[in-house]
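Order-wise, the sequence lines are chains A and B.
Quick note, in the working numbering, the first sequence goes up one by one and the last residue is 123.
Quick note, in the working numbering, the second sequence goes up one by one and the last residue is 368.
Each hint should be verified, as a subset may be incorrect.
Derived DEER-like restraints, expressed as beta-carbon distance ranges [what the hints assert, rightly or not]:
hint : chain 1 : residue 1 : chain 2 : residue 2 : range
1    : B       : L334      : A       : H87       : 37 to 47 Å
2    : B       : Q312      : A       : G55       : 25 to 35 Å
3    : B       : Q272      : A       : F32       : 46 to 56 Å
4    : B       : E356      : A       : H83       : 32 to 42 Å
5    : A       : P93       : B       : R299      : 37 to 47 Å
Pulled a few chain B residues facing chain A out of the computed Cβ check, cut under 8 Å [stated by the list, open to error]:
hint : residue
6    : S288
7    : Y303
8    : V305
9    : G355
10   : G362
Looking from chain B toward chain A, a few residues come up when the C-beta cut is under 7 Å (computed) [as the list claims (entries may be wrong)]:
hint : residue
11   : D293
12   : G297
13   : L298
14   : L357
15   : F359
16   : E361
Bear in mind the hints are in silico, worked out from the structure with no lab data behind them.
Beta carbons: idealized from backbone N, C-alpha and C, even for Gly.
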Amino acid sequence: KNEVEQSPQNLTAQEGEFITINCSYSVGISALHWLQQHPGGGIVSLFMLSSGKKKHGRLIATINIQEKHSSLHITASHPRDSAVYICAVRDLGAQKLVFGQGTRLTINP
Amino acid sequence: NAGVTQTPKFQVLKTGQSMTLQCAQDMNHEYMSWYRQDPGMGLRLIHYSVGAGITDQGEVPNGYNVSRSTTEDFPLRLLSAAPSQTSVYFCASVGTGDTGELFFGEGSRLTVL
Numbered sequence: 015k016n017e018v019e020q021s022p023q024n025l026t027a028q029e030g031e032f033i034t035i036n037c038s039y040s041v042g043i044s045a046l047h048w049l050q051q052h053p054g055g056g057i058v059s060l061f062m063l064s065s066g067k068k069k070h071g072r073l074i075a076t077i078n079i080q081e082k083h084s085s086l087h088i089t090a091s092h093p094r095d096s097a098v099y100i101c102a103v104r105d106l107g108a109q110k111l112v113f114g115q116g117t118r119l120t121i122n123p
Numbered sequence: 256n257a258g259v260t261q262t263p264k265f266q267v268l269k270t271g272q273s274m275t276l277q278c279a280q281d282m283n284h285e286y287m288s289w290y291r292q293d294p295g296m297g298l299r300l301i302h303y304s305v306g307a308g309i310t311d312q313g314e315v316p317n318g319y320n321v322s323r324s325t326t327e328d329f330p331l332r333l334l335s336a337a338p339s340q341t342s343v344y345f346c347a348s349v350g351t352g353d354t355g356e357l358f359f360g361e362g363s364r365l366t367v368l
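Go ahead and model the full structure; you've got the sequences and the hints to work with.
Structural data, given as structure tokens:
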């Protein structure tokens with residue numbers, strides 16, 4: 015079993031829909047990161063969380079440390095949000111970053 | 256400009272050749288790491304370092320070598336390239352504490368013939 019599990023693996027939605035991507039992890043962590051990668055593109059950091067909730071524009075990220083779970087929400091989704099979204103955690107013990115497999119999001123106009 | 260600088264962006268090698276992918280950051284980050292990304296797969300950790308003089312293996316270390324003589328630099332060496340090492344490679348660094356943002360290099364596309 016992977017230390018970091020994302021769901022769903024693939025998600026297709028219509029423009030304007032509310033999107034939720036989930037991340038569950040099994041190790042103790044010092045931080046959790048949400049990343050975005052457009053097709054053929056580089057990897058960009060969206061959020062770094064150690065507790066609570068953060069918001070940037072239409073993106074919201076939450077984390078529940080007790081339940082070892084984080085969610086990334088996109089409100090009023092747009093075709094330009096189409097990308098792979100990756101969850102990564104910083105392992106408290108080994109200190110290394112552990113990545114989920116990513117969620118491929120496609121927003122149709 | 257602050258960030259992670261990764262070079263080269265593209266490289267073609269013949270089987271058996273060696274090369275070094277360079278990675279440098281100017282944010283005084285202790286943690287640096289190398290990943291490979293293959294089509295349809297997630298990022299796989301090759302090697303990582305939690306500080307100068309300290310390196311450790313990730314999940315796919317075979318065929319790769321690293322060193323961390325300074326906080327700024329974390330080069331990845333391919334000692335004898337193989338076609339199975341054809342991939343896109345990313346370097347990343349992360350700070351610690353509440354400002355511990357994660358930064359990636361732009362990626363290096365390596366083809367081994």
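Cross-check of the supplied hints:
{"no.": "1", "hint": "B:L334 - A:H87: 37 to 47 Å", "result": "45 Å, holds"}
{"no.": "2", "hint": "B:Q312 - A:G55: 25 to 35 Å", "result": "28 Å, holds"}
{"no.": "3", "hint": "B:Q272 - A:F32: 46 to 56 Å", "result": "50 Å, holds"}
{"no.": "4", "hint": "B:E356 - A:H83: 32 to 42 Å", "result": "22 Å, violated"}
{"no.": "5", "hint": "A:P93 - B:R299: 37 to 47 Å", "result": "29 Å, violated"}
{"no.": "6", "hint": "S288", "result": "6 Å, holds"}
{"no.": "7", "hint": "Y303", "result": "5 Å, holds"}
{"no.": "8", "hint": "V305", "result": "5 Å, holds"}
{"no.": "9", "hint": "G355", "result": "6 Å, holds"}
{"no.": "10", "hint": "G362", "result": "6 Å, holds"}
{"no.": "11", "hint": "D293", "result": "12 Å, violated"}
{"no.": "12", "hint": "G297", "result": "4 Å, holds"}
{"no.": "13", "hint": "L298", "result": "5 Å, holds"}
{"no.": "14", "hint": "L357", "result": "5 Å, holds"}
{"no.": "15", "hint": "F359", "result": "4 Å, holds"}
{"no.": "16", "hint": "E361", "result": "5 Å, holds"}
Comparing the model with each numbered hint stated earlier shows that hints 4, 5 and 11 do not hold.
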